[in-house]
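J.: In order, the protein sequence lines correspond to chains A and B.
By this note's numbering, the letter at position 159 of the first sequence is numbered 159, and the numbering carries on one by one without gaps.
By this note's numbering, the letter at position 227 of the second sequence is numbered 227, and the numbering carries on one by one without gaps.
Calculated directly from the structure, the hints in this document are not laboratory data.
The structure presented is a predicted model; accordingly, all values stated were derived computationally and were not measured.
Hints should not be assumed to be uniformly reliable.
Pairs count within a copy or across copies, as identical chains cannot be separated in the list.
Listed next, the in silico DSBU-like pairs over lysine-lysine satisfying Cα-Cα at most 30 Å (straight line) [said to hold, decoys possible]:
{"no.": "1", "residue 1": "Lys37", "residue 2": "Lys252"}
{"no.": "2", "residue 1": "Lys223", "residue 2": "Lys179"}
{"no.": "3", "residue 1": "Lys9", "residue 2": "Lys150"}
{"no.": "4", "residue 1": "Lys109", "residue 2": "Lys37"}
{"no.": "5", "residue 1": "Lys223", "residue 2": "Lys292"}
{"no.": "6", "residue 1": "Lys86", "residue 2": "Lys28"}
{"no.": "7", "residue 1": "Lys86", "residue 2": "Lys149"}
{"no.": "8", "residue 1": "Lys37", "residue 2": "Lys215"}
{"no.": "9", "residue 1": "Lys283", "residue 2": "Lys215"}
{"no.": "10", "residue 1": "Lys283", "residue 2": "Lys37"}
{"no.": "11", "residue 1": "Lys9", "residue 2": "Lys283"}
{"no.": "12", "residue 1": "Lys292", "residue 2": "Lys37"}
{"no.": "13", "residue 1": "Lys139", "residue 2": "Lys292"}
{"no.": "14", "residue 1": "Lys223", "residue 2": "Lys21"}
{"no.": "15", "residue 1": "Lys21", "residue 2": "Lys252"}
{"no.": "16", "residue 1": "Lys292", "residue 2": "Lys179"}
Protein chains: 2
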Amino acid sequence: TGSGDGVSKTLGSFEGFEISKILSQNAKNKSAILCGKFQGSTDSAVVLLEKTPFPEPALPSLLSADLTLNLNLQNDIYSVYDGLPKQELGFNGIKTTVIYPATDRHIEKYTDQDITLLEETWEDYCNVTLPYLEQQVFKIQWVYNILEKKAEEVERIVFEDPDPQDGFVLLPDMKWDRKQMQNLYLVAICHRRGIKSLRDLNDTHLPLLRNIRDKCQEAVLEKYSIRPDQLRMYLHYQPSYYHLHVHVTHLKFDAPGSGVTKAHLLSDVIQNIELIPDYYQRKTLSFVIREKDGLLARFREVRGEKK
Amino acid sequence: TGSGDGVSKTLGSFEGFEISKILSQNAKNKSAILCGKFQGSTDSAVVLLEKTPFPEPALPSLLSADLTLNLNLQNDIYSVYDGLPKQELGFNGIKTTVIYPATDRHIEKYTDQDITLLEETWEDYCNVTLPYLEQQVFKIQWVYNILEKKAEEVERIVFEDPDPQDGFVLLPDMKWDRKQMQNLYLVAICHRRGIKSLRDLNDTHLPLLRNIRDKCQEAVLEKYSIRPDQLRMYLHYQPSYYHLHVHVTHLKFDAPGSGVTKAHLLSDVIQNIELIPDYYQRKTLSFVIREKDGLLARFREVRGEKK
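Pulled out of the complex, with its shape left as it was, chain A reads as follows (with noise of 0.2 Å):
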């Protein structure tokens, strides 16, 4: 699936890469995302680093004489160490997440940059943001993949109610470890193709939207012992990518993307809905939006805006 000389074959070090760029760093959440290349391939690549969890079980070993301390301040019953844990306790662990070859679009959408509040009429989505989106190649054949049980998380999925007009596949997504409950975080893909996102949501879909609600809080609970009050279950607007998915993820996990200017709760979406049919066909709706995103060049472009 790879373009040009890119062939994403399975790697035991980053022998040989030359970094090109740092797109982002994230002191709070200990990541850098990185942009380079692998010796004698002109493809780019993308590097996601992310320290890893303290993982709880092994934390009595982290507090022993196997964790080197380095005095750095002190003051009255406060001191700060640098600590260096053994190498084989299993602290030092970093989830390196590698996309290539990747494509100009991923090095953007990994760049750190400004972010602009959009207000989008029902007006403005059908004259501004369905054109724009129905003119971008989109490539959700990854998606495709999973529902036709050709790609290698089908090992991984949850759960799977496989009817094709209410049916849904539930699995981890990428962000969690699958180790730690406190960030479960699962995605709910439907099968049903074409619902592009919360803006084509109608009564038709309620029992589709419920149907994920009730599957996926049995499933969490059965399977990972998680209460559905417990539970945060909300669709993005706009989403990464269109193609109806729920995003399921433990309450006490601060998820990215579950700020009120992105996230949706299924349980108002459905509400919503449940109130007025054409809910998501009348309301303004507020989303957050990249400086380089080519959507708000485009509403800029139509509204006359400079920046």
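Assemble chain B onto chain A, guided by the hints.
T.: Chain B only, in chain A's frame:
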């Protein structure tokens, strides 16, 4: 300043340390907080562990043969690995803060409370929430002190519309340092009394809500040169005090309480009421609530649930 046998001496490691409890963990921030005792001591110690951010200048040394990769999953152009850097590279550090001797208040402060998502119908609000709120003695004298200019905060007022019906006071939230524009956090507190929360709002409040929206945007633009499309304006439900107020934060600031299970965009509130005047007297509202909140206990009592 120690008590009992606790002496805040410089540590070389945690040799002989006994963990008594994991107080909290944060998978997003890669942090964990524990409580325990040093060998031979009866005093408690609180230990804050946090992985260190990636040091930018050292990133090229990481993406090399010195990072061992173990494949976790692969799909199309995406691969995820468990990466393990060599100890010498300097990526394995853990910021370690020790509070010793720690009091019970320290332990309580750092103890994570479970949270639950509560779905409150309008009937629940009338039968459970409202009676519960009315039983409480609310301490909102501080709000009245501000509105009546009796508080010190008066000098910090950013803007005021003195109209008793639709006016409000705009001032910095305590969480804002008033220096960094990127984490700007203001609160608009309305002059009109008796509007407890979102639940009280209907079409008669539209002039008030629109006035807050428009004049806050103008004031922030004038005073801080921050455009309306860089602002996130929202209400909390449940609010921390029951006198109507609107949070005004910089869009780039990942403000606590701006998640979809607590925040309601002012623009959405206005529009929902425009669509359905009694929207907030009909809609079920989902909100996050802490395990020890008396309101949750009340709900469980009424619903005949056990924890």
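J.: What hints, given by number in increasing order, does this structure fail?
T.: 7, 8, 10, 11
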